Amino acid sequence: MPMREALRTALHEEMVRDERVFIMGEEVGAWDGTHKVTRGFLAEFGERRVRDTPISEMVIAGAAVGAAMAGLRPVAEIMTINFAFLAFDALINHAAKVRYMFDGQFKCPMVMRVATGWGNQATATHSHTPEPIFAHFPGMYVGMPSNARDAKGMLKASIRDDNPILFSEVIALYSKPGLVPDDPDFLLPIGKGDIKRAGKDVTIVSIGRGVDWSLEAAEMLSQEGISAEVLDMRWMRPLDTQLIFESFKKTNRCVVVEECLPYYSFGSEIAAQLQEYMFDYMDAPIKRVSAMDVPLPYAKEIELMALPDAHKVVAAVKEIL
Amino acid sequence: MSDLTREQLLEAYHTMVLIRRFEEKCKELYAQRRIGGVYLHLYNGQEATGVGAIRALQPTDHVITAYRDHGIAIAKGSDPKRLMAEMYGKRTGVSGGKGGSMHLADHSVRMWGGYAIVGGHLPLAAGIALKSKYNNDGEVVLSFIGDGATNNGYFHESLNLSAVWELPVVWLVENNLYGMGTPVEKATGQPEIYKRAIAYGMKEYGRVDGMDFFAVHKVVSEAVDYARHHGPVLLESITYRYEGHGVSDRMYDKRAEEMQQYKQRDPLIVMADKLQQMFPDIEPDLAKIEPLVAAVVDEAVKFAEESPIPTAEDLVNHIYA
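Line order of the protein sequences matches chains X and R.
In this text, residue positions in the first sequence follow this note's numbering: the first is 14, and each later residue adds one.
In this text, residue positions in the second sequence follow this note's numbering: the first is 1043, and each later residue adds one.
Derived from the structure by calculation, the hints contain no laboratory data.
Check the hints yourself; a few may be wrong.
Stated by the list, open to error - Below 30 Å or equal to it, Euclidean Cα-Cα: the simulated DSSO-like pairs (lysine-lysine) are:
hint, chain 1, residue 1, chain 2, residue 2
1, R, 1175, X, 49
2, R, 1123, X, 120
3, X, 120, R, 1132
4, X, 263, X, 209
5, X, 325, X, 189
6, R, 1175, X, 120
No experiment lies behind these values; they were computed from the predicted model shown.
Excised from the complex, chain X in its bound form (with noise of 0.2 Å):
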């Protein structure tokens, strides 16, 4: 199935599992959600757990957290992370500091679900990959998954877990094919990461859509007698370094695959840790695959050009070989 159809069996198992779990949202309920990941659900469950909210976005991440806070388990929408700006002090500055400042005695067991990524003509407003700004903070969680079966597992673990996290849905993989697992209680740990290709001479890093260009490219690395490992990280917070360094240990050589921004990135983290803990396994520099340092154009010749793909990741590898 779809990773829509993914994402939406596993918000539908979770609300039959528990009644604390709500959805609330931009067009979340009459329009059958923005990316129709809640096709049906006002219909099955009604107005109660299926909130239509006005165009808020501070109060959707406020009141998740409040509601979180009081006991329920809000699945709040954003229709993209780009309109998540607004709402960043409420995330920030709420959801993943309660605990902490408050001294443990208020959870916050929310998911702000928000669609991203860019490669669709949406302009410099509507083309934002941040997520790492939101990793920056302890406090938070943020998941990022690249398949159907891996949406699931980890939407689902999300949705059952007691801390607020960002969960991010790469647009354009919404619609890719997948085999995803029937079992309703199918979980992928949070901040577990994975090998989604086995290889000795290099490893990929990625995450989100990411993983499809590393794996394309480790495809066309094969041809050439060049065996990549490619990881999907599935999380930016927590981190799987363990996994990263296992593999570099092996291998040696790394380069990080993102579809966000360069400066300060998940690419920029995990080249420092690489640096900073696994110095005696390097043999050649990091190198990172991201967007260019540049805000997105209309136009879609020279949109392209600022986006990653196999071939510059191809290319990134044999700079380091």
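Following the hints, put chain R in place on chain X, whose structure we already have.
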């Protein structure tokens, strides 16, 4: 004049005196650098608003406020010893020494905390009220709002959502005439803040004399009853802070004349006068209060002084659940 019993009124007066003496002691301790930090927002002058409003609630109802939170926490029933320990940054503080003056929460008495991002707690109030609505448990949230907070987006989004969803919230604006140093009329196009209810189709209970316990208690009781059965309400209490925005605020020296006018209508004097009119034999009971309160404050200081400081373990715990 009131449906409260003599005992209940004496308890309320006792609490107001306790808040006053607690705050005076905090100011003194801050000047001596025994209370640290750069923020200390005292509640002196506003006691009738806090106590009058909170005594209109059931114990199972909820309170949330901004950073001027000491008096609110005392009024809701939090232990003065643990509040003072929080001022000292001690491990025994209500927030474990990790929240400080502006972040006093006590889940055990349904005091959901003080919040130091102006307006940031309003969506949380909506979320806590959503829990009541969702569970149909009849509980009300009383959200204090500073006049300054009525000018940012949180106010608009939270009041609007509460109206759309008919949430059981009493939005109580504590209009103490200044947002930091800026007078209300220089900061808002409609300085009669309760009138903003019209914008949300919300019931309003007008303006109340925030220096008069009886007036506040009466109107908030009506507002709480309405909120419990019908949905959100907005009202405004005109009050005055004696100590400026924070203890470092020196602007209030320039407002000496205005201060004197309000001090002639001091909440403690107004309430004591009315109690003597209602109960001509009450003087001996009133006279007992100051020494009792002095002992409670002394005990709180002693407890705070003798309490342990947080440990390196406390530094890193309660980041996640």
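Hints and how they fare:
This hinted pair checks out: residue 1175(R) and residue 49(X) have alpha carbons roughly 27 Å apart, not beyond 30 Å. Taking the CA atoms of residue 1123(R) and residue 120(X), the gap is about 25 Å. The hint holds against a cut of 30 Å. Simply put, residue 120(X) and residue 1132(R) have alpha-carbon atoms about 22 Å apart, close enough for the 30 Å limit, and the pair holds. Straight-line distance between C-alpha atoms of residue 263(X) and residue 209(X) comes to about 16 Å, which keeps the hinted pair within the 30 Å bound.
For a cut-off of 30 Å, the pair hint linking residue 325(X) to residue 189(X) stands: about 22 Å separates their Cα positions. Distance check on the hinted pair: residue 1175(R) and residue 120(X) sit about 20 Å apart at the alpha-carbon level, within 30 Å; holds.
The structure fails none of the hints (numbered hints given earlier).
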